[in-house]
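Novice: Here is how the chains run, residue by residue.
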Amino acid sequence: MEKVRAFDETGAPGEWLEQYLLIKQWLDEAPAEQLERKRREAELLFRRIGITFAVRSEGGDPERLIPFDIIPRVLSAAEWQRLSAGLTQRVKAINAFLWDVYHGREILRAGRVPADLILLNDGFAAEMQNCAPPQRAYTHVAGIDVVRVGPSDFFVLEDNCRTPSGVSYMLENREAMMRLFPELYARHRIAPVANYPEELRDTLQSVAPPNCDRDPVVVVLTPGPFNSAYYEHSFLADEMGVELVEGADLVVEEAVVYMRTTEGLKRVDVIYRRIDDAYIDPLAFDPGSLLGPPGLFDAYRTGNVTLANAVGAGIADDKAVYPYVPDMIRFYLGEEPILGNVPTYSCGKRDDLSFVLDHLDELVVKETRGSGGYGMLIGPAATRAERDLFAAKLRARPADYIAQPTLALSTCPTFVASGVAPRHVDLRPFVLVGREIRIVPGGLTRVALRDGSLVVNSSQGGGTKDTWVLER
Amino acid sequence: MLSRTADSLFWLARYVERAENVARLVAVAHRMASVARSLGSAGNEWLSTLIATGCEPGFFAKYSEAAPADVVDYLVRDLDNPSSIVSCLETARANARAVRTALTADMWDALNGTWFGLRQWTERSKIDVMDFLEWIRERSQMFEGAYDSTMLRNDAWYFTRLGTFVERADCTARILDVKYYVLLPQDEGVGGALDYYQWQSILRSVSALRSYHWVYSVRLQPWLVAEFLILRPEMPRSLLSCFNEITQSLSLLADAYGGKRGECHRLAGEMHAKLRYARIETIFQTGLHEFLTEFIDRTSVLGSEISRLYLA
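Residue numbers (the numbering used here), protein chains in the order written: chain W, 1 to 472; chain Y, 1 to 312.
Simulated from the structure, these hints should not be mistaken for lab results. Given the structure is predicted, the values throughout are model-derived calculations rather than measurements. There could be a bad hint or two in this list.
What the hints assert, rightly or not - Cβ-to-Cβ under 10 angstroms is the rule here; a few derived chain W residues that face chain Y:
1) Tyr231
2) Leu244
3) Ala396
4) Ala399
5) Asp400
All residues carry an ideal CB built from backbone N, CA and C; glycine is no exception.
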């Protein structure tokens with residue numbers, strides 16, 4: 001595959017941007033052996049804390065580490081300001097959209113979004129119609145994947161509205177950088193991220209049921225230690241100072257949710273659940289699931305407990321709905337989108353499909369319901385045979401696919417086997433939605449460690465970096 | 001605190017303690033067997049150890065006779081045996097992972113370090129069993145030290161300590177009971193050299209040979225060894241010491257939870273009183289083995305009652 005010419009975030013070749021000057025100086029001064037030693041130290045640190053991530057279908061080490069790159073990515077205050085405004089705007093519109101499709105459906109009636117696309121979509125939860133989550137919040141935690149292709153060209157690649165993960169890496173990466181490179185850290189003015197757990201707890205408390213007349217009791221609901229993101233679940237519960245519960249710890253009596261404690265049953269008001277809609281309640285959804293307590297959804301609908309994120313929020317992050325998000329911003333907020341979408345072909349449309357089939361070698365094709373880098377085709381990197389196979393799938397079920405141009409994701413200096421070299425990155429900031437919208441400056445930067453690779457997913461050999469937002 | 005969290009802490013501590021005690025039991029058997037060999041006697045130490053640990057049925061479902069190497073393998077690293085050292089530590093870590101948020105960093109480090117170390121041991125082609133048992137004892141003591149010196153003094157700590165001492169009481173009773181099952185050859189009567197070395201091995205296994213001499217300053221006597229391990233409050237692994245800790249932790253729990261008490265409080269109190277006021281002569285009159293068997297049974301009931309009140 002031909003290497004993609006990409007924008008490097010340090011600036012034009014030979015001319016480092018001001019925000020990267022101190023990093024450059026550090027890299028120039030630090031011998032490679034020292035960087036290598038620090039890299040190993042970092043790995044040991046992560047291994048000891050136990051931050052691991054199990055990867056599906058890989059076998060091997062069930063407690064694999066996601067590689068951590070020791071060179072931070074730096075965003076200037078101005079860059080962040082614009083990003084943050086764009087994210088707030090986008091997430092506000094998404095929540096307005098979710099309220100609308102489960103109530104008056106104005107956007108469908110106005111013909112701005114095709115009704116069939118929503119109402120016949122697997123992600124549409126009919127049970128949620130006329131259900132009113134407190135503060136009209138649906139995506140209490142949204143992970144918005146942002147890519148960059150030029151100095152001021154940020155695009156949203158994907159909205160993750162269900163149970164986005166990765167925030168623990170954002171926090172632990174910062175911890176690691178502060179421990180490994182205290183001097184480098186001190187020479188910068190970096191916006192802190194350590195307050196994220198507090199912001200999350202405040203957000204969750206702000207959406208407690210209106211009938212809750214005391215300090216709301218928040219819990220984190222996990223599928224259990226065998227889940228790949230279990231570390232993050234326990235980390236967040238710990239940092240927020242709330243209980244980490246499994247389905248069997250909860251019991252629903254007369255539409256009220258309780259947890260079993262050593263002192264008897266204790267009422268629960270807000271559940272930050274890290275399990276999918278389908279598994280939260282065997283009475284309402286998948287009857288075979290043991291992950292959520294029977295009766296939970298009834299308690300939720302009755303308004304005795306709040307679920308975060310809301311059931312049915314997934315309709316907003318369906319890849320076939322994604323192309324309409326800029327229109328949602330115009331429709332609900334009357335504003336022009338600050339952050340654009342990546343141009344997207346909906347293969348369900350005839351013209352788009354034939355264009356996509358003709359240009360498979362240039363495009364990235366994704367399943368509308370896929371995630372984690374699974375079930376996608378990167379045209380320029382695929383072989384002829386792989387493309388032909390994919391073309392057959394496309395013709396069989398065109399509506400299940402979208403296609404996007406292969407983006408030259410921006411690059412950042414990264415420490416790899418051959419030394420410091422540019423590698424492609426993306427960014428997942430975490431947007432909190434409660435009584436207000438809050439974003440901790442930064443997010444999780446994922447980096448494709450293989451030379452030339454554009455896939456940053458940790459399940460596909462991606463790593464992470466600390467993300468520094470400068471305060472001035 | 002979540003019942004499941006309390007349950008995990010309780011069992012986490014029990015399994016670490018059990019791993020240590022199985023290590024101690026295997027070490028006793030080892031020592032007794034080598035003494036017997038040197039005195040020219042064909043002993044049944046390994047069989048006795050299987051019976052005392054309660055592992056006999058599981059073992060004979062797999063093997064037809066108690067060959068030393070097989071018994072050691074079964075007790076040390078057989079994952080089919082839920083009480084093997086490796087099984088105990090696997091279970092302990094699984095419990096720890098399930099309640100990461102309730103552990104202090106030091107506790108997690110101690111356990112996680114043991115778990116990683118275990119992988120290295122099992123990868124070696126040939127291991128010296130005694131070295132390994134020694135290492136297990138050290139790791140268990142490191143865990144206990146870690147939680148004792150870093151946990152908040154609240155319900156989490158009480159449950160952890162309950163786990164440690166309920167398990168330790170059970171194990172001390174079992175170690176003492178090994179002596180009942182070990183046969184003395186016909187020409188080697190009670191009070192002979194082999195008998196003496198067996199009692200000595202028992203004391204060594206609970207790291208108490210020297211302290212026995214400090215307390216009694218006389219040659220080893222069976223009833224004194226039994227008294228030391230059952231009734232002496234100075235001996236930190238004695239049944240009485242364990243019940244001092246158990247009743248104290250249960251009482252602190254009741255205080256923390258508004259005074260609520262249950263059958264476990266009554267039963268622990270009754271067992272504690274018996275240990276405090278019993279005389280070793282009486283125990284020997286009714287039979288040491290009978291006394292220990294009843295004690296082990298009632299300790300098991302106590303565990304269930306603790307679960308019923310707090311952990312379910």
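Novice: Now look at each hint and say whether the structure bears it out.
Specialist: The hints, checked one at a time:
1. Evaluation of the tyrosine 231 of chain W hint against chain Y yields a held restraint, the C-beta minimum of about 8 angstroms falling below 10 angstroms.
2. A cut of 10 angstroms between beta carbons decides the hint on leucine 244 of chain W: the least distance to chain Y is about 5 angstroms, and the hint holds.
3. The interface hint given for alanine 396 of chain W is broken, as the beta carbon of that residue sits about 43 angstroms from the closest beta carbon of chain Y, more than 10 angstroms.
4. The criterion of a C-beta within 10 angstroms of any C-beta in chain Y is not met by alanine 399 of chain W, whose closest approach is roughly 42 angstroms, and the hint is violated.
5. With a least beta-carbon distance of about 37 angstroms to chain Y, the hint placing aspartate 400 of chain W at the interface is violated under the 10 angstroms criterion.
Consistency note: the structure conflicts with the earlier hints numbered 3, 4, 5.
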